[in-house]
Amino acid sequence: MFLSVFDMFKVGIGPSSSHTMGPMVAAARFLDLLRASPFQAHGLRASLHGSLAFTGVGHATDRATILGLAGFVPESYDAERADAALDEIKQTHQITPPGLRALHFDPGKDLAFDYGPALPGHANGMILRATDAQGDVILEETYYSIGGGFVLTAEELAETSGAKGKTRADVPYPFETAAEMLAMAKDSGLSIAAMKRANELRFRTAAELDRGIARLWEVMGACIDRGMEGSGILPGGLKVRRRAKGIHDQLLAERGLNMQAPHTINDWMSLYAMAVNEENAAGGQVVTAPTNGAAGVVPAVIRYWLDHVPGAAPSRIADFLLTAAAIGGLCKHNASISGAECGCQAEVGSAAAMGAAGLCAVLGGSPEQVENAAEIALEHHLGMTCDPVRGLVQVPCIERNGLGAIKAVSAASLSMRGDGQHLVSLDACIETMRQTGRDMHEKYKETSLGGLAVNVPNC
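First residue of the sequence shown: 1, per the UniProt record's numbering; consecutive thereafter.
There may be inaccurate statements among the hints.
Listed below are the simulated DSS-like cross-link pairs for lysine-lysine, each with C-alpha atoms no more than 30 angstroms apart in a straight line [what the hints assert, rightly or not]:
1) 109 with 443
2) 109 with 90
3) 239 with 443
4) 90 with 239
Derived by calculation from the structure, the hints in this document are not laboratory data.
Can you make the complete structure from the sequences, with help from the hints?
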């Protein structure tokens, strides 16, 4: 199993990696199929299934699908250009993707929300079709957005499920479990970050790796800064007010006061995370960490470490992110990072484990302490549901990232007080998350059919 640091951390757009970025990526892949097809298409259709249907409007899935079919991709997304393109498509009922002729597409008729049973492969499913002049389907593909911006066709998903655990990645340290990771660290004498770096260098140069990681933190840091300056009401109809700027202003005003309470540091952690997730809710540029819904936790922990912990050095950010990516990869490979599949334990829970592991590593923790930190953070998110009010990544998601960051820092600190020996292993915790997600009722898995989504007035 090998999941790159650039798989776990992707530059993209809000509000959701699985519901916004994933459908846009799927549409881009379908355009590639269409360009290679010998048939001449005249129109396009799309249908959204499962969680993509139930919370699609709140997550801007419809918008992302249309823009994806028009040639937009998350990593180079331009909001102003996208708005203009969307307006034109709605007026002309035509899409003109790069490298293809103009194709008929009426958003009101050719994009369907199917609220029936989910497709068999995953809770986040979509079907894209191309039609001829008579309206008959000449090309069709089913895609699954499996979390964190990862997209698989139905065939790829079946192959991945069947081959899982049977082949080893061609890397120096191909660990698939935390136990294997610790054993390899002990045998090699390397840190988790060093092993992860060696694996990454199998596919790219050291300069490329360092530039890519620097870019990730650049985007994360800029997102925090924008969020702390933003004001107004978030889109979507809930009329959620941005709070990060107000909190930041208060905290700055209180600096230097003799009566400042020690627990105020928790407010700084929450601030950094909330700033990111307010930007995400507004459709801004974020980094999946490992998802958009959980994008605030890891950046918040890094910013807390850099700005508030003596001895913190920006040169260690790469070690933080490489360690975090290793833990996130284990969560994804052995359970899930998708809220639609396993609830929010898979999103904010995995993010907290990643943040705790990264912080523990840069604080000087051993591989055993790092694994313990990740386990503590994940263990205390087990069972957490995904119940966004009105299908928006706002309530409870924004504040939940702040609390996830606090838990991550607490988990790293607790682990550093011990020697890494503990009763519950990270592997056991990840397997528990998988089983809990399997048994969790569908209404608590990003469908907005249960929990806060039905008990909080949202109109």
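Structure-based check of each hint:
1. For the suggested pair residue 109 and residue 443, the alpha carbons sit about 27 angstroms apart, so the restraint of at most 30 angstroms is met.
2. Pair hint residue 109 plus residue 90 holds up; C-alpha atoms about 11 angstroms apart against a cutoff of 30 angstroms.
3. For the proposed pair residue 239 and residue 443, the alpha carbon gap of about 24 angstroms is at most 30 angstroms, so the pair holds.
4. Under the criterion of a C-alpha separation no larger than 30 angstroms, the hint pairing residue 90 with residue 239 is consistent with the structure, at around 26 angstroms.
The structure shown violates none of the earlier numbered hints.
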